[in-house]
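Peer 1: These protein sequence lines are chains A and B, in that order.
Here the first sequence stands for residues 3 to 414, where the numbers follow the working numbering.
Here the second sequence stands for residues 3 to 414, where the numbers follow the working numbering.
These are computed hints drawn from the structure, not numbers from a lab.
Hints may contain errors.
What the hints assert, rightly or not - 30 Å max Cα-Cα, derived DSS-like pairs, lysine-lysine:
(1) A:K242 / A:K170
(2) B:K242 / A:K24
(3) A:K387 / B:K37
(4) A:K174 / B:K411
(5) A:K130 / A:K170
(6) B:K243 / A:K394
(7) B:K411 / A:K24
(8) B:K134 / A:K378
(9) A:K394 / B:K242
(10) B:K37 / A:K177
Claimed, not checked - A short list of chain B residues far from chain A (calculated; beta carbon distances all over 10 Å):
(11) G53
(12) I186
(13) K204
(14) S214
(15) N218
(16) E220
(17) I246
(18) N247
(19) I268
(20) L290
(21) D404
The beta-carbon is built from N, C-alpha and C at its ideal position, and this holds for glycine as well.
There are 2 protein chains.
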Amino acid sequence: MKGMILVIDGLGDRPVEELGNKTPLQKANTPNLDKMAENGINGIMDSIAPGVRPGSDTAHIAILGYDPYVVYTGRGPFEAAGVGLDVKVGDIAFRCNFSTVDDDFIVTDRRAGRIKDDTSSLIEELNKMTIKGYEDVEIMFKESTGHRAVLVLRGINLSDQITDADPKIVGKPPKTVYPINNSINAEKTADLLNKVIKESYKILKNHPLNLSRIKNNEPPANVIIPRGVGLVPEVEDLNKKYGINSACIAETGLIIGIARFAGMDIIDVEGSTGSVDTNLDVFIDTILNAVNNTDHDLFLVNIKGADESGHDGNAEEKMRFIEKIDEIVFSKISQLQEIVTVVTADHSTPISVKDHSADPVPIMIYGEGVRVDDVKRFNEIDSVKGGLLRVKGSDLMNILMDLMDNTHKFGA
Amino acid sequence: MKGMILVIDGLGDRPVEELGNKTPLQKANTPNLDKMAENGINGIMDSIAPGVRPGSDTAHIAILGYDPYVVYTGRGPFEAAGVGLDVKVGDIAFRCNFSTVDDDFIVTDRRAGRIKDDTSSLIEELNKMTIKGYEDVEIMFKESTGHRAVLVLRGINLSDQITDADPKIVGKPPKTVYPINNSINAEKTADLLNKVIKESYKILKNHPLNLSRIKNNEPPANVIIPRGVGLVPEVEDLNKKYGINSACIAETGLIIGIARFAGMDIIDVEGSTGSVDTNLDVFIDTILNAVNNTDHDLFLVNIKGADESGHDGNAEEKMRFIEKIDEIVFSKISQLQEIVTVVTADHSTPISVKDHSADPVPIMIYGEGVRVDDVKRFNEIDSVKGGLLRVKGSDLMNILMDLMDNTHKFGA
């Protein structure tokens with residue numbers, strides 16, 4: 003039996019006044035999700051723990067059966083893996099912005115005018131960087147989308163116990179990085195990073211791409227500002243742990259990075275935007291093709307759009323996107339055979355909060371063998387009455403593996 | 003958004019035959035609590051864990067987000083803090099009784115005739131005590147209500163690994179205190195305590211107050227018997243931990259002691275008795291004044307009476323007290339704005355048990371943003387069907403902080 007965890011990012015919500023005090027999911031017309039709920043087992047889930055407000059990253063780490071309090075050392079490692087940098091245990095990883103500084107090294111644009119140019123030529127020059135006294139440290143950059151990039155430091159005696167360089171506002175220079183503890187390794191890494199930032203300016207300020215941007219009155223991408231430092235953690239291989247062959251279908255680098263850490267294969271979704279305008283027809287075709295035509299037996303799927311509407315506080319858009327995925331995605335998912343499907347969210351992104359909240363998310367499991375309860379609709383309110391009651395994200399993999407008949411008896 | 007945890011001490015119960023096999027809360031007429039339940043989210047809570055019979059102290063420690071298995075070293079430290087002794091981490095603290103012993107040092111009354119005299123003149127003399135060989139240990143007493151007092155030992159090389167002095171019955175001398183392990187510190191502390199008990203008799207037996215009690219045929223308060231030893235634990239400041247400004251409104255020293263440990267401000271309730279005859283009008287006025295006219299944003303409130311009726315096995319009295327707090331307290335609480343209110347209990351005190359039990363307690367959360375479920379009554383039976391399902395006391399602070407929009411995202 004195959005299995006799928008389909009995460010509708012940020013799906014959970016609170017009652018919204020303009021929707022008649024219903025949640026977007028409750029108000030949405032979702033005949034396919036409801037049909038699955040009616041023929042499945044339902045409940046609510048705390049992806050990390052009750053009252054703990056999850057990031058998308060920590061929630062997915064928990065849902066895959068890892069302890070986020072151990073594995074999640076910072077966002078850097080997962081972003082770096084997400085863009086395809088082959089990070090290794092012990093590396094120090096950062097997410098970075100290409101930013102703009104003036105001649106006095108004052109940040110004038112944190113995102114270099116949300117640069118849309120291909121930054122790979124900038125990265126190519128940055129990757130030639132060596133810092134005097136730190137010749138033993140490998141310094142690796144890689145571009146991500148827009149103004150985003152990642153940085154990985156590889157070497158002995160490095161530490162992630164250092165402060166952030168991001169000044170968060172314009173009008174100030176990049177922050178000097180300091181060690182958080184008084185270890186020599188932290189001191190060394192902080193000093194190195196300060197020099198990397200300065201050196202990036204030297205390398206980038208006269209780069210042809212930037213000279214051309216200046217000519218076009220666009221802010222040059224003339225400095226790298228790292229943040230979200232993390233020590234690359236050791237992560238047990240998901241396939242070995244559960245005896246499976248798993249793949250991830252997701253739109254955002256962060257989720258893909260987590261899947262890479264877990265040792266999952268990555269299946270691209272062509273032309274996905276990570277937003278409500280993503281091409282859901284391509285998305286569902288990608289899923290169906292993966293389920294039917296590959297030898298993977300476990301899939302982690304993440305659809306991002308609803309989370310974005312939550313962050314924007316746009317109830318109507320969130321509701322419509324839910325209806326759209328019901329129509330395009332779940333009309334097909336509900337017809338799959340020989341697969342146990344979990345539909346849930348990583349966290350709530352309530353319209354009223356415009357950010358993640360700790361409200362539990364609805365969860366349903368649909369497929370052969372599940373104990374069908376009498377819940378008829380999939381949403382934050384009805385799902386509470388289902389047969390799963392209230393579960394934790396960290397239990398999900400085991401529950402699913404058991405329904406896939408893929409667990410070993412503990413004891414005799 | 004402000005928040006309040008309103009604990010109705012010992013509220014939970016089991017079906018009572020004389021109430022038609024309903025619980026006192028179920029049988030009681032509680033229109034205001036029910037209105038809050040109908041417009042709130044409901045569930046049941048294990049304040050510590052399923053099947054663990056909580057004390058009021060350990061339950062409150064858990065509800066405030068601390069691990070009682072770490073923080074609760076004994077009752078002494080919390081009693082001592084409750085009466086206002088400025089205990090410090092590492093102190094050894096006891097609760098004590100003023101008792102009566104005869105000339106042969108045999109206890110004839112464990113509570114010195116439930117002495118109602120002001121015992122501060124006795125304490126004053128006791129605080130002059132020094133024990134030969136232990137001049138480096140500070141010996142501090144403080145009076146509490148009636149026959150109760152506390153004792154704190156402050157010094158190096160002390161231990162709480164010692165036995166109790168309380169013989170529990172009359173007709174025997176105070177028990178000799180022994181070390182539980184074979185550390186020198188435990189041996190030293192046991193020896194010191196035995197000498198403190200003997201010395202208390204020397205100091206108290208001819209005290210004018212006791213001579214006058216003997217003349218009046220009242221048992222003299224002529225010895226101190228310590229019990230409930232505990233090492234004063236290190237407790238993280240609640241305000242720093244959650245970024246709040248918290249206050250406690252409670253009737254009993256034990257709860258106030260826990261709140262002091264947590265760094266909460268204490269708001270007195272004038273003329274409260276900790277019993278079913280407490281002045282609830284003053285109580286609700288105190289709450290309303292604190293919510294409306296102070297800059298505190300989190301309140302822990304404990305109303306004690308129902309627990310006492312439970313201990314007494316008085317179903318009718320428990321039910322009537324619940325009706326009284328519904329009418330006087332919750333008629334006003336239900337009208338508060340801009341606050342998320344949790345109503346729950348620390349534990350059940352069933353009529354049939356006459357002591358605490360591990361039966362989970364009902365819990366409801368009322369205020370802006372909660373996912374309203376279809377529970378219409380607040381009690382042990384109906385609340386089970388609510389949207390919170392079954393939660394733990396240790397999760398409560400996080401859940402409340404999230405609804406107050408006062409949590410930080412874990413991850414991104």
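Peer 1: Against this structure, judge whether each hint is valid.
Peer 2: How the hints compare with the structure:
1. A:K242 / A:K170: violated (41 Å)
2. B:K242 / A:K24: violated (35 Å)
3. A:K387 / B:K37: holds (21 Å)
4. A:K174 / B:K411: Within the cut-off at roughly 26 Å; holds.
5. A:K130 / A:K170: holds (28 Å)
6. B:K243 / A:K394: Status holds; Cα separation ~24 Å.
7. B:K411 / A:K24: holds (25 Å)
8. B:K134 / A:K378: violated (77 Å)
9. A:K394 / B:K242: Given that 30 Å is the threshold and the Cα spacing comes to 28 Å, the pair holds.
10. B:K37 / A:K177: Violated, at roughly 53 Å.
11. G53: holds (18 Å)
12. I186: holds (35 Å)
13. K204: Its Cβ never comes within 10 Å of chain A, the nearest being 54 Å, so this holds.
14. S214: Consistent with the label, B:S214 stays out of reach of chain A, its closest Cβ about 56 Å off (over 10 Å).
15. N218: Answer for B:N218: holds, closest chain A Cβ roughly 57 Å.
16. E220: holds (53 Å)
17. I246: holds (14 Å)
18. N247: Its Cβ never comes within 10 Å of chain A, the nearest being 20 Å, so this holds.
19. I268: holds (26 Å)
20. L290: holds (27 Å)
21. D404: violated (4 Å)
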